[in-house]
Amino acid sequence: MSAVYILVALVAYLIGSINFAIIFSKKFAGFDVREKGSKNAGTTNVLRTVGKGAAALTLICDILKGVVAVLIAMLAANIWKDTDTVVLKYLAGLFAIIGHTFPVYYGFKGGKGVATSLGVLLIVNPQIGIICLSFALIIMIATRWVSLGSILAATLFPILTIFMTDNFGGKVISILIGVLVIFNHRTNIKRLKDGTENKLSFKK
478 MSAVYILVAL VAYLIGSINF AIIFSKKFAG FDVREKGSKN AGTTNVLRTV
528 GKGAAALTLI CDILKGVVAV LIAMLAANIW KDTDTVVLKY LAGLFAIIGH
578 TFPVYYGFKG GKGVATSLGV LLIVNPQIGI ICLSFALIIM IATRWVSLGS
628 ILAATLFPIL TIFMTDNFGG KVISILIGVL VIFNHRTNIK RLKDGTENKL
678 SFKK
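Position one of the sequence shown corresponds to residue 478 (the working numbering), numbered consecutively onward.
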């Protein structure tokens, strides 16, 4: 039944490749968000370059990408009973995030996968997802660095998964997800070290 895992991974990747930051920036502002601001195709850059409405839509849709990918994995697990449901869900989540990062429809240049990761976390393990979300929000509000909250939450996710779950495959994939999200923030990490990382203004 390895074909099921490949099929779910492929479908999740194609779903993840739909980049709403690019879609909404073109629709509402007439430009590709990757050409403005931080050049990242994600919610924060849409907020800074397009506005709150487009950013809210981007956030919701990017979260839903992760949710839908994992729900499809759960559906597949119900059809093919001899699959590992937990691994299938985590695998779908991983490839949805890979799709967001390297979207086939947009020259493999996408976003950092934070919102999509949130959607994945809230479905694969709601308890861990809520803990990570709460932790990220506290860091973001305290420091006004969205990137720092995202990086620390991505670090916390596999740690919690390792200690709070029993599925070995799920633990391994959670580490891969955390590493991918942190890798996507490598330029932010450099700016944080240099003291040049942009802070988010909650007044705008």
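Hints listed in this document are in silico derivations from the structure and should not be mistaken for laboratory results.
Some hints here could point you the wrong way.
Below, computed lysine-lysine pairings styled on DSSO-like, alpha-carbon distance capped at 27 Å [unchecked claim]:
1. K516 <-> K504
2. K586 <-> K513
3. K670 <-> K516
4. K513 <-> K648
5. K558 <-> K670
6. K503 <-> K676
7. K516 <-> K503
8. K503 <-> K529
9. K504 <-> K558
10. K670 <-> K586
11. K513 <-> K529
12. K667 <-> K558
13. K558 <-> K586
14. K586 <-> K503
15. K558 <-> K676
16. K676 <-> K516
17. K676 <-> K586
18. K503 <-> K513
19. K648 <-> K516
20. K516 <-> K529
Distance windows between CB atoms, simulated [stated by the list, open to error]:
21. R663 <-> K503: 39 to 47 Å
22. F508 <-> F585: 15 to 23 Å
23. S479 <-> G528: 44 to 52 Å
Every residue, glycine too, gets a C-beta built ideally from N, C-alpha and C.
How the hints compare with the structure:
For the given pair, K516 sits about 17 Å from K504 by alpha-carbon distance, which is consistent with the 27 Å threshold. For the suggested pair K586 and K513, the alpha carbons sit about 14 Å apart, so the restraint of at most 27 Å is met. Restraint check for K670 and K516: satisfied, since their Cα atoms lie roughly 20 Å apart, inside the 27 Å limit. The straight-line distance between the Cα atoms of K513 and K648 is roughly 37 Å, outside the 27 Å bound, and the hint therefore fails.
Straight-line distance between C-alpha atoms of K558 and K670 comes to about 48 Å, which puts the hinted pair past the 27 Å bound. Among the hinted pairs, K503 with K676 is consistent with the structure: their alpha-carbon atoms are about 25 Å apart, no more than 27 Å. This hinted pair checks out: K516 and K503 have alpha carbons roughly 14 Å apart, not beyond 27 Å. Taking the CA atoms of K503 and K529, the gap is about 15 Å. The hint holds against a cut of 27 Å.
Pair hint K504 plus K558 does not hold up; C-alpha atoms about 42 Å apart against a cutoff of 27 Å. For a cut-off of 27 Å, the pair hint linking K670 to K586 stands: about 25 Å separates their Cα positions. Under the criterion of a C-alpha separation no larger than 27 Å, the hint pairing K513 with K529 is consistent with the structure, at around 16 Å. In summary, the hint linking K667 to K558 is not supported, as the alpha carbons are separated by about 46 Å, beyond the 27 Å threshold.
For the proposed pair K558 and K586, the alpha carbon gap of about 36 Å is over 27 Å, so the pair is violated. Of the pairs offered as hints, the one joining K586 and K503 holds, with about 16 Å between alpha carbons and a cut-off of 27 Å not exceeded. A threshold of 27 Å between alpha carbons decides the hint, and for K558 with K676 the separation of about 48 Å lies outside it, so the pair is violated. With a C-alpha separation of about 16 Å, the suggested pair K676 and K516 falls inside the 27 Å cut-off, and the hint holds.
Under the criterion of a C-alpha separation no larger than 27 Å, the hint pairing K676 with K586 is consistent with the structure, at around 24 Å. A hinted pair counts as satisfied when its Cα atoms are at most 27 Å apart, and K503 with K513 qualifies at roughly 12 Å. For the suggested pair K648 and K516, the alpha carbons sit about 32 Å apart, so the restraint of at most 27 Å is broken. With a C-alpha separation of about 17 Å, the suggested pairing of K516 with K529 holds against the 27 Å cut-off.
Checked against the hint of 39 to 47 Å, the pair R663 and K503 fails, with Cβ atoms roughly 27 Å apart. Take F508 and F585: their Cβ atoms lie about 20 Å apart, and the range 15 to 23 Å holds. Roughly 45 Å separates the CB atoms of S479 and G528, a value that falls within the hinted 44 to 52 Å.
Violated hints, in rising order: 4, 5, 9, 12, 13, 15, 19, 21; the structure is consistent with all others.
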